[in-house]
Every structure is written in C-alpha cells, then in structure tokens.
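2 protein chains.
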Amino acid sequence: MKPKAVVLLSGGLDSTTTAAIALADGYDVYAMTFNYGQRHDVEIQAAQRIGQKLGVVEHIVTEIDMRPFKGSALTSELAVPKGRSVEEMGEGIPITYVPARNTIFLSFALAWAEVLGAGDIFIGVNAVDYSGYPDCRPEFIAAFQKMGELATKAGVEGTPLKIHTPLIDLTKKEIVFRAIELGVDIEFTHSCYDPSGAEPCGECDSCLIRDNAVQEVM
Amino acid sequence: MKPKAVVLLSGGLDSTTTAAIALADGYDVYAMTFNYGQRHDVEIQAAQRIGQKLGVVEHIVTEIDMRPFKGSALTSELAVPKGRSVEEMGEGIPITYVPARNTIFLSFALAWAEVLGAGDIFIGVNAVDYSGYPDCRPEFIAAFQKMGELATKAGVEGTPLKIHTPLIDLTKKEIVFRAIELGVDIEFTHSCYDPSGAEPCGECDSCLIRDNAVQEVM
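Residue numbers (my numbering), protein chains in the order written: chain F, 1 to 218; chain B, 1001 to 1218.
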C-alpha cells in the first residue's frame, strides 16, 4: 500500500508541479483546495480539473471565510499591482500577501492528515521568487512541522510529520523544467493574482514571473 | 492607548473567563468565534451575548467548514459520550476531539492579530481536566507561538507574539472561582458538547466537569 500525502493544490503552476512530484515520489495524493472568498472561482475549477488529470485519490474543496481579515488585495477590494519589474516585486512584503495564509492552509491540511492517518503534507512554497512572504521561508516550515507534531494524536503517539516543500529552493525556470519533465500540462494551470477576469491578466507579479520563466524554457 | 488582544471566545465557561482575564489585564479585546458546522448555533449566540456583556471592541464570527474532516463527535454524527466518570474521561484521547482544532483556531487568530497589529492572543485551553487533548498542552502552545512569529510580517519585523493561556494550569474549580472573582455571569456561558438540544445536556464530559466544579464552589 502506498503512503498517503495531503497536497495543497491551488491550481497554479507551483502547486500542480508539487502534486506531480508527490505522485512521482510514490504517494497516494489527497488534494486540498481552499475557497477563501476569491471574487470568482476559476482557480478552483482549474484545481479540480488538474486533480482529475493527475489522478488524485480524493479532492476536497474547503470553504474558508477570510473576508473578516481585511488588508490584502487577494481577498479585498484593493487593486492587484500590475506591470512591476522583478526588482520592484522583491521590495518588502507584497500587498497581495494574505495574513497567515499558509499557516491556515497547513492547519487544515494537518487536520485532514490526522483523519487520514497520513504523515506527509506537500506545499508548493517557494523562497526564491516570493522572498517577501514570511510564510514561504524554510524556518517557518520547520517551525510548523514541529508545532504540527505536538498538535495531533499522531504526534503524541510518536508518528513523525513531514512537511514537504520540493520547490522551496527552485527558480521559476527550474519549476517549469520540473513540471515539463513530469508531464504536467502547464496550459491547464492558473497562477494569476487578479480575480477580476477568467483569463490570466498577464500583468500581475504572478503572471509576469511565470510567463518569463515559460518563455525562457520554451 | 490600550494594547489589542485577540481572544478566542466559544461562549463556554473557560473562554469567557479567559476574555474577562484579558480585559482585567488591560487589553482591548477583539473576540473571535468559530462556526464550524455545529448542528445548532446555541454556542454562537451565547458567545455573542457574552461578548456584548463583557464589552469587547469587536466580535467576529468566522465560518469554518470542518465537515470534510470526519471522525469527530463534535462535527459528525457520532454520539457524544454521556455519564462517564472522571477516570473514564482521562483515558486516551476523547472522541470529541476535533483534529487540529486549536491549530486551526489559533491560525485564524494569528491572521486577525496581524491585521489588527496585535501581538497578543488569548486562548482558554486547560491541561488539567482535558489532558487527553494534544493541542491543550503547554509544549504545543510554545511551538505555535514560535511558528506564529515566523509566519507573519510582524514576526519578520521583530514584533514578539505572545499566546496567553491563563487557565492552562487551573482546575475547573479554580476556573469557576476566577470567573466569579471577575464578575462573570456563569449562567450565560454554554459549555455542553452535545449539539442536539438548546439546553446543556448535563451528562457529557463537559457538562459533568463544569457542574461538579460549580457545585463544589457554590
């Protein structure tokens, strides 16, 4: 029997590549997508298509009401920044940062892992292109893993928890290479930050970083 | 200006006493209650009344869909155990345990604290009467605090985070004493585990522990 892993799958390039890596590593994948008040659900539909295509065992979409937490472009009415240079993106913490988002996502993944009896969680965080996000750093992941072991029955009973971050040190170009190597259909993924349209805007930080990398590789 | 604190307020005796302690300690209290698929909302209504009575600055109720995480009496159709002795309650991890619940609750509190610019979170966990819950232990709280600092902008910028657990070492009797001392109207609180009726059942672990303590004190 294969070991089970919970994989956070947003439907973007990074999380899709992460799910493909978990499958290639021999895990039965349990995919988890969050609906946290995006103004449209293109991202969620993409995640569901990708889950089916990859062959995950089970896929759950969890509703999270993050609207009470104001102050982020991803969940509120602030404008998503467009057309910024890579240098500008690297300055400070981006306004697209959602407070404690990865902490919340990983907490739900931890709950599901406990129910499934899974000791492995995969998350596609990256510390290279998104260095401004505190919760994408290796020291955060290590601290979450330690906390997660103490939080659960499994931890009390001595079952180790492993938070896998296979993309953490990769450049976006390396992620695109890895995705192609694993047969990921990049066209199916949706990484855009701008929730105002069904198609990627091509101008937000996420689209720009991704499109640059794809052009370099292709 | 008073410092801000996020307080997890379920509407039970413990969290209400915790909120009263935060107020007595000089904090402006921002109360947070979760609706996580309880089969009725008595607990939430109680929490809202209590928040008003205590005089919190703001009170948000966050919807959390925990139904995908099966295996707990508090969110699924399993029966809540009734009429158990204190010895029976102490054996193993109770089936009323919700996987990673405090991790999820504290993660949302962390998000709100970041938005508010608050460095203090209060949670009414108790390691004495509920020793079977992994996420009520001091070592879990310490690990969460460390993780939370690394997760947020505030942590990156050097603002310390403190998770306050003023009840962690108190017996239920001591909690009742503290509540009375602070003028908490105990009759307003609702601690019952059984979601099938509007009135406390008087037979679940939570009712039994609470009623025993109140009888001893009164």
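In short, the hints are calculated from the structure, not lab data. Keep in mind that the hints are not guaranteed to be accurate.
Computed cross-link-like contacts, DSS-like style, restricted to lysine-lysine with a CA-CA straight-line distance of at most 25 Å [to be verified]: (1) LYS1153(B) <-> LYS1002(B); (2) LYS1153(B) <-> LYS146(F); (3) LYS1004(B) <-> LYS1173(B); (4) LYS1004(B) <-> LYS1162(B); (5) LYS173(F) <-> LYS2(F); (6) LYS146(F) <-> LYS1146(B); (7) LYS173(F) <-> LYS4(F); (8) LYS1146(B) <-> LYS162(F); (9) LYS1173(B) <-> LYS146(F); (10) LYS1173(B) <-> LYS1153(B); (11) LYS146(F) <-> LYS4(F); (12) LYS53(F) <-> LYS2(F); (13) LYS2(F) <-> LYS162(F); (14) LYS1053(B) <-> LYS1173(B); (15) LYS153(F) <-> LYS1146(B).
All values derive from a computational prediction rather than experimental measurement.
Index of numbered hints that the structure contradicts, given in increasing order: Those not satisfied are hints 3, 5, 7, 9 and 10.
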